[in-house]
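A.B. asks: If you want the building blocks of each chain, they are given just below.
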Amino acid sequence: KNEVEQSPQNLTAQEGEFITINCSYSVGISALHWLQQHPGGGIVSLFMLSSGKKKHGRLIATINIQEKHSSLHITASHPRDSAVYICAVRGGSQGNLIFGKGTKLSVKP
Amino acid sequence: GAVVSQHPSRVICKSGTSVKIECRSLDFQATTMFWYRQFPKQSLMLMATSNEGSKATYEQGVEKDKFLINHASLTLSTLTVTSAHPEDSSFYICSARAVDTQYFGPGTRLTVL
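Heads up: the sequence lines are chains A and B, in that order.
Taken in order, the first sequence gives residues 543 to 651; the numbers are from the numbering used here.
Taken in order, the second sequence gives residues 2 to 114; the numbers are from the numbering used here.
If we strip away everything but chain B, and leave its shape as in the complex, we get (with noise of 0.2 Å):
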């Protein structure tokens, strides 16, 4: 079936310094990734819609110059988080759209010192 890769799956950074997720969609091509973010024993909250080819369509009180979001191709869209915070630790998770359903990844556990 589609699977869809997170990388890295665990980081640890310093306040300050900037993180990279990537989302790989590795069988089939996906026009629309999302993000989404987690906070512990919260629902997944979504950050950002990215199309491919286009600019991200950000959620209200998500900042776009922060959560930096680029689909340079139909099979990956990556997330950075810049300058980061502590209280950007979070579990991301990234999502791609098919056909006719949605798949997501593993999630990337970020934390920020």
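Pulled out of the complex, with its shape left as it was, chain A reads as follows (with noise of 0.2 Å):
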């Protein structure tokens, strides 16, 4: 079993959807990553959260650290949108990041 595991793997959803991306995992963290990755590869830092809730723009972010849980939450989507959004966590304040295999996230207009 992953230590960061994402669901669903894949995504398609029509422009303006409401999208729901989750990450599920098993060991104790310090921090949770949310990352965007174009399909040229260029990677973005969305979010990094370690208790709450963040907000930025149509993005939100979300963490349960009893629950070991993250989702990452895009309102209206976009064409725009359509990437791979990856979560990573990382172990401790000094740890790597651990990171999920991703979510291929596809808008249509």
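None of these hints come from the bench; they were simulated from the model.
Please note: incorrect hints may appear among the correct ones.
To be verified - Partial chain B-side listing against chain A, Cβ under 10 Å, derived:
(1) 35
(2) 39
(3) 42
(4) 44
(5) 59
(6) 88
(7) 92
(8) 94
(9) 103
(10) 106
Said to hold, decoys possible - Straight-line C-alpha distance at most 20 Å; calculated EDC-like pairs for lysine to aspartate or glutamate:
(11) A:595 with B:101
(12) A:646 with A:559
(13) A:597 with B:101
(14) B:15 with B:66
From the three backbone atoms N, C-alpha and C, an ideal C-beta is built for every residue, glycine too.
Combine the two chains into a complex, taking the hints into account.
C.D. replies: Quick look at the structure:
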């Protein structure tokens, strides 16, 4: 079993839909990252969370430490949101990131 | 915001040659930089962690003599793929740790013919 599991693996949505991507992890963590990888490969860090909820524009990330679960929500999805979304956790303050396999999102116009 | 750059973005080389990839933190000092490799449709895999001024720490299965890492300053780390083989063709991504987060470079796509 992977230490970081994401679901779904692939997701196709229509423009405007509300999207949720889930991440569960099995290790104790100091922080959780949500990353966006574009088709060209470049990676953008969207959020870093250690508790609660963060919002940036149409993106919302939540984390439940007790349940070892995080969600990334996209409101009013747009085709430009199409990318691979990766969840990564840090095992300790100096620990390395452990990556999920990613969720490939395609938003159709 | 903080930016990490990589150069080159793409490189094609012949088997047996060496390729150097540069990673720079542009507006912050990074005491720790990471090198990842990503094969198609796979997760990022950590290759090594480099701390400025000291030897890199390699992950299990990564040949340190093949993937030479130099972190000579707080803003520059280099990865040299020596005697490249076609199976080294991959997407190489560097990342730099700032105080409270980690920033990723745009990646370098290496193709070895």
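A.B. asks: Would the stated hint for residue 59 of chain B survive a check requiring a Cβ distance to chain A of less than 10 Å?
C.D. replies: Interface hint status for residue 59 of chain B: violated (12 Å vs cutoff 10 Å).
A.B. asks: Hint validation: residue 35 of chain B versus chain A, beta carbon distance must be below 10 Å. Holds or violated?
C.D. replies: 7 Å, holds
A.B. asks: With a cut-off of 10 Å, does the beta carbon of residue 92 of chain B approach a beta carbon of chain A closely enough for the hint to hold?
C.D. replies: Holds. Min distance 5 Å.
A.B. asks: Using Cβ atoms only, decide whether residue 88 of chain B comes closer than 10 Å to chain A, and label the hint accordingly.
C.D. replies: With Cβ-Cβ at 19 Å, over 10 Å, it is violated.
A.B. asks: How about residue 94 of chain B: closest beta carbon in chain A under 10 Å, or not?
C.D. replies: 6 Å, holds
A.B. asks: Hint residue 106 of chain B vs chain A: min CB-CB distance below 10 Å?
C.D. replies: 8 Å, holds
A.B. asks: Please verify whether residue 15 of chain B and residue 66 of chain B have alpha carbons no more than 20 Å apart.
C.D. replies: Holds, at about 19 Å.
A.B. asks: Does the alpha-carbon distance linking residue 597 of chain A and residue 101 of chain B stay inside the 20 Å limit?
C.D. replies: 18 Å, holds
A.B. asks: Can residue 44 of chain B be said to touch chain A, with a Cβ gap under 10 Å?
C.D. replies: It holds, given that the least Cβ distance between residue 44 of chain B and chain A is near 5 Å, below 10 Å.
A.B. asks: Would you check the hint for residue 646 of chain A and residue 559 of chain A, treating anything up to 20 Å between C-alpha atoms as holding?
C.D. replies: 16 Å, holds
A.B. asks: Less than 10 Å between beta-carbons is the criterion; does residue 42 of chain B satisfy it with respect to chain A?
C.D. replies: Since chain A brings a Cβ to about 9 Å from residue 42 of chain B, closer than 10 Å, the hint holds.
A.B. asks: At a threshold of 10 Å, is the proposed contact between residue 103 of chain B and chain A supported by beta-carbon distances?
C.D. replies: 7 Å, holds
When held up to the earlier numbered hints, the structure conflicts with 5 and 6 and fits the remainder.
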